[in-house]
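These protein sequence lines map, in sequence, to chains A and B.
The first sequence runs contiguously to residue 142 in this note's numbering.
The second sequence runs contiguously to residue 1082 in this note's numbering.
Hints may be right or wrong, so weigh each one.
[Unchecked claim] Going by beta-carbon spacing under 10 Å, a handful of chain B positions derived as facing chain A:
hint, residue
1, L431
2, A628
3, A634
4, P660
5, L663
6, V709
7, A727
8, E728
9, A730
10, A737
11, I739
12, S741
Worth flagging that the hints you see were computed from the coordinates, not collected in a lab.
Cβ coordinates follow ideal geometry from the N, Cα and C atoms, glycine included.
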Amino acid sequence: MKPSTVLLTASGWIALAATTLPALSPVRVAVTLLFIALCPGIAVLRIVGVANPGHTVPHSKGPHPKRPYEPLPTAALTVAASLALATLVSEAFFLAGGFTMPRCVMTLALLTGVLALLPELIERHPRHAAARHRRPAEQRPR
Amino acid sequence: MSTDMAGAETVAREQAPARSGADAERGSASAVTPTLSVIVCAYTMDRWGDLCAAIDSLRRQSHLPDEVVLVIDHCDELAARSRREFAGVRVVENTERQGLSGARNTGVRTARGEVVAFLDDDAAADRDWAEHLLAPYCDPDVLGVGGYVRPDWEDGRPGWFPQEFDWVVGCSYRGLPTRAAQVRNFIGANMSFRRDLLDRLGGFRHDLGRVGSRPLGCEETELCIRAAREYEGGLLHYAPAAAVRHHVPAGRGTWAYFRARCYAEGLSKAAVSELTGAGAALASERGYLGSTIPAGLLGPLRRGPDHTRWTTVLALVMGVAFTVAGYLVGRVGILAGRAGIALWPPAAGARPADRVVRAAALAGLPVALGLWIFALQRVHLSAISDLGLITALPTTFWAALATLTLGFAAAVYGRSRFSGTVPAGYVLGLIAILHATPALTYPVLRYSWAWKHVAIVDLMTAHGNLAHLPSSNPMAAYSQWPGFFALNSLIAQLTGAPSAGSYAAWAPPFFNALMIVPLLLLFRSITSRRRLVWTGIWVFFACSWVGQDYFAPQAYAFLLYVTFVAVLLRGLRALDRPGARLPHAEAALLLLIAATIDSSHQLTPLMLLTAVAALALRRAHRRALLPLLGCLTLMAVAWNGTVARPYLAANLDSLIAALGKLDANFGSGLVGLGAVNRDQVLIAWVDRALTAFVFALAVTALVRRPRLRRSPLGWLALSPGILGAASNYGGEMIFRVYLFSLPGLALLAAGLLLPPVRNRPVRRTLWTATRHAARRALLPAVSAAMLGGLVFGYYGKELANHFTSDEVTAARYLAAHAEPGELILAPNDNFPGAYLDYPDHPHIWFAEQNPGVARLVLADPIRELMTLSAGSPNLTSYVILTRSQAASAGQSGSLPVDAFTTIRTALEASPVSTEIFRNADTEIFRLSLMPAAPVQEGLS
Chain A
1 MKPSTVLLTA SGWIALAATT LPALSPVRVA VTLLFIALCP GIAVLRIVGV
51 ANPGHTVPHS KGPHPKRPYE PLPTAALTVA ASLALATLVS EAFFLAGGFT
101 MPRCVMTLAL LTGVLALLPE LIERHPRHAA ARHRRPAEQR PR
Chain B
143 MSTDMAGAET VAREQAPARS GADAERGSAS AVTPTLSVIV CAYTMDRWGD
193 LCAAIDSLRR QSHLPDEVVL VIDHCDELAA RSRREFAGVR VVENTERQGL
243 SGARNTGVRT ARGEVVAFLD DDAAADRDWA EHLLAPYCDP DVLGVGGYVR
293 PDWEDGRPGW FPQEFDWVVG CSYRGLPTRA AQVRNFIGAN MSFRRDLLDR
343 LGGFRHDLGR VGSRPLGCEE TELCIRAARE YEGGLLHYAP AAAVRHHVPA
393 GRGTWAYFRA RCYAEGLSKA AVSELTGAGA ALASERGYLG STIPAGLLGP
443 LRRGPDHTRW TTVLALVMGV AFTVAGYLVG RVGILAGRAG IALWPPAAGA
493 RPADRVVRAA ALAGLPVALG LWIFALQRVH LSAISDLGLI TALPTTFWAA
543 LATLTLGFAA AVYGRSRFSG TVPAGYVLGL IAILHATPAL TYPVLRYSWA
593 WKHVAIVDLM TAHGNLAHLP SSNPMAAYSQ WPGFFALNSL IAQLTGAPSA
643 GSYAAWAPPF FNALMIVPLL LLFRSITSRR RLVWTGIWVF FACSWVGQDY
693 FAPQAYAFLL YVTFVAVLLR GLRALDRPGA RLPHAEAALL LLIAATIDSS
743 HQLTPLMLLT AVAALALRRA HRRALLPLLG CLTLMAVAWN GTVARPYLAA
793 NLDSLIAALG KLDANFGSGL VGLGAVNRDQ VLIAWVDRAL TAFVFALAVT
843 ALVRRPRLRR SPLGWLALSP GILGAASNYG GEMIFRVYLF SLPGLALLAA
893 GLLLPPVRNR PVRRTLWTAT RHAARRALLP AVSAAMLGGL VFGYYGKELA
943 NHFTSDEVTA ARYLAAHAEP GELILAPNDN FPGAYLDYPD HPHIWFAEQN
993 PGVARLVLAD PIRELMTLSA GSPNLTSYVI LTRSQAASAG QSGSLPVDAF
1043 TTIRTALEAS PVSTEIFRNA DTEIFRLSLM PAAPVQEGLS
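Please work from the sequences and hints to get the whole structure.
Written as structure tokens, this is what we have:
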């Protein structure tokens, strides 16, 4: 398992641990805000990339089988998806009448963890591995 | 080749006319004629023809030079050919550093004549040149003699080229003496000196020939000034009869060369001033500017209405301007150099004007930020008036905005290629100056709506559910679109902030800064022109006056909306094939964003549906967009049919009534100016003018820029207007339509402000250059106007929107002292903390209820207020009157100017009312039939 996957899986729990620090301490603010604004989104975007190995849209014109890494849309989508997930999860708890911060963060941490691990699980699945062997090399997911 | 603006400082009386003077000179020359070596310096094979003509002219002289020295400046091919073909000419190679100074010095060392004369390789001497040049040397005081240089235009003289500026092409110019005279310096193409003088002076300086990568001149000026200083009483003699013809290639008759050469001359003069002192270096130039140029300006005007006069006048003015600019830039560079700062890093091939623009682009941002920080300490909040913050801002604030605008224009238009960081820095600087100023200068959070939203977040944080949120009509929307508040409750608890109010003041700079990325993405999906993209972003922030960027669901939902549209358009751009579908992954992400918008704000989902529907009208994208449109509609219906159903059910009648009433919906935000004060009317008109201006720019761009017309921009900019027909949105619809149209409008307007792309080279004439310069001035001028309008519109209501610590103290006091259930009365809710204790107390904002209630309160305040508080426990209620309420009532016209005094006087006089709190900005009265607590003075 890649270190980035481990860090992403643990990110929510690290943020939860950071809430035990004194209120508004710089480390607490930095760790929790980074989690809320980035981590769920990173996990979602990783899934999107892996679930569609041949991936999606050709980049403007020309014969590009995969879209190259573009920092700008990635950044915009990461932040938007993270905030969207945080909004929807916290909102769901409020509508259900049982919002507490730890509950909400744990749900987001679990969600992020599962999404972070999903690509690994897909890779290891026997059917997926067999499919990968049949595919020509250049189409193989990275 | 060096072509200095020769000094015209005539210190001796002019002598006889040139022709007869020549005869006199000839007579005296015969007595003691010094020997003459003529030095010709050449460096390129390209001028071989000119060089042959120069050598040939020397061979045909009436008085043959004793020797001709041809110095080859580091060009082996030229040296070999010259040795082969020029019999009788001493060909030597430059043994010093490459450049004209080195070549001349080599020539002087080689020469054997008593007098050395310099002739340019592209000049041909008249037949009697040597004779006239040598004649004055019979006077032992004469150190050197210079002659007349006549331009020989390859393509004919350009009509606009002023004779006063012939020094630009290395020739004698109008303003020089027409007869033999004493001058400060010679023109390099035609001059001579005594050889021993040059030996003793050490020759020409190398360091003047070049600044950075640009070949400059003035080395002969410096030598002449040095010679005159060394030999007091020595004369530098100008003999116009000793004439040469100077070849002027076609490329030098252009406006670009003219401008560059003037600028370079200024730089050179700065360098000479540094070496010789400004007095000597500029003595001739003062005379030139004082008499020659004014005469030159009047001349064409007098000559009558022919075509060339205006272009010549313009060229004269521009020539002076560029020379002065070069001089100033040179001086600044030298001063910075003394301090060890290299201001002009050598950029190969960069033109001098580019260096200025580059320097402006790099310096503009830090200078603007410095001015802004300086201005922050001089913002006097007490000076906020009915015109808003504008009267409280110091001049330095405007200087900061102006500097930033110019710097941005330089960064965007300059020839230097900057990465995105420089324009991004400018945009961030603009956001800081426009939106961080209140956060840094106001003592407490601005805007009553922001206070209300903070109160909602804090309530949700305190209870963990939505049940405690007020369900009455004006507040019901919050519990039915709780996304933004839920997220902030989570953030406040995660960071440990005691209240969302801890950070809410920073929401405007934060939301605006976050907006840069989706805007960049959106604009890049429409155009690849980086300049257009950044100009569009700049225009967006310079026109965003509606103020929907405070701590509110609208700001959050709008950010998500722009991200959604940007990602969608980027995806669509890749779908060039007709019938292509949006990839599932992209669609899933978009729906995630849409779900958040649906649950966070009432209006934004409708705007989103409208935008996607408008994009789906284009046949190319219909197949990709219709399924997405279906999903979006389903999601919106699902939310509004479940969670938000109570609100919609309660307001269905008014929503249906507003359908289709276009004029009423748009007009509701505009009419009613009659009741408000004069300054607010002015601000409203500035807002309208700015909005109309942006729309007009966008529409013109749609007409005049076919590329932009073919893009989806027009749809994006105009589709929000459709919703104007559907709702008035509490009188706000027109402002929200503008907000949602603004991304499209901004890029369209930018497209108009930016010069169109040229597919073929345009011949650079004075006219095209002037037009080009005017086009470049368009962006700074227009964005200055926009920013002025923005500060008016955005901060025009600050008298009501800014609060003081006193008002916060009063609101806290009231929340702490009123018993649960007791009624709170106030003219309006425009004071901080109006909703601090919302669930615990009923509130009546009596001036906002209906005009009838306000009238009744004014007619008999105590009676009506007691009537309103009839249902309150113990028949007790509280009346809070604040400065900001009065300001707000004055701005909206909901109460007459003296209403607050009327109410206050009545309360003070009434036996049933007791003043329980007072400070500079607030009074709180307790209305009760029960005995009251004593007055407490405010803390400040």
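Going down the list of hints, with the structure as the test:
1. L431: Result: violated, 52 Å to nearest chain A Cβ.
2. A628: Holds. Min distance 4 Å.
3. A634: holds, 9 Å
4. P660: At about 5 Å, which falls below the 10 Å cut-off, the nearest Cβ of chain A leaves the hint on P660 of chain B intact, so it holds.
5. L663: holds, 5 Å
6. V709: With a minimum Cβ separation of about 6 Å from chain A (threshold 10 Å), the hint on V709 of chain B holds.
7. A727: holds, 4 Å
8. E728: holds, 6 Å
9. A730: With a closest approach of 7 Å, the A730 of chain B hint holds.
10. A737: Where the cut-off is 10 Å and the nearest Cβ of chain A is about 6 Å from A737 of chain B, the hint holds.
11. I739: holds, 9 Å
12. S741: holds, 6 Å
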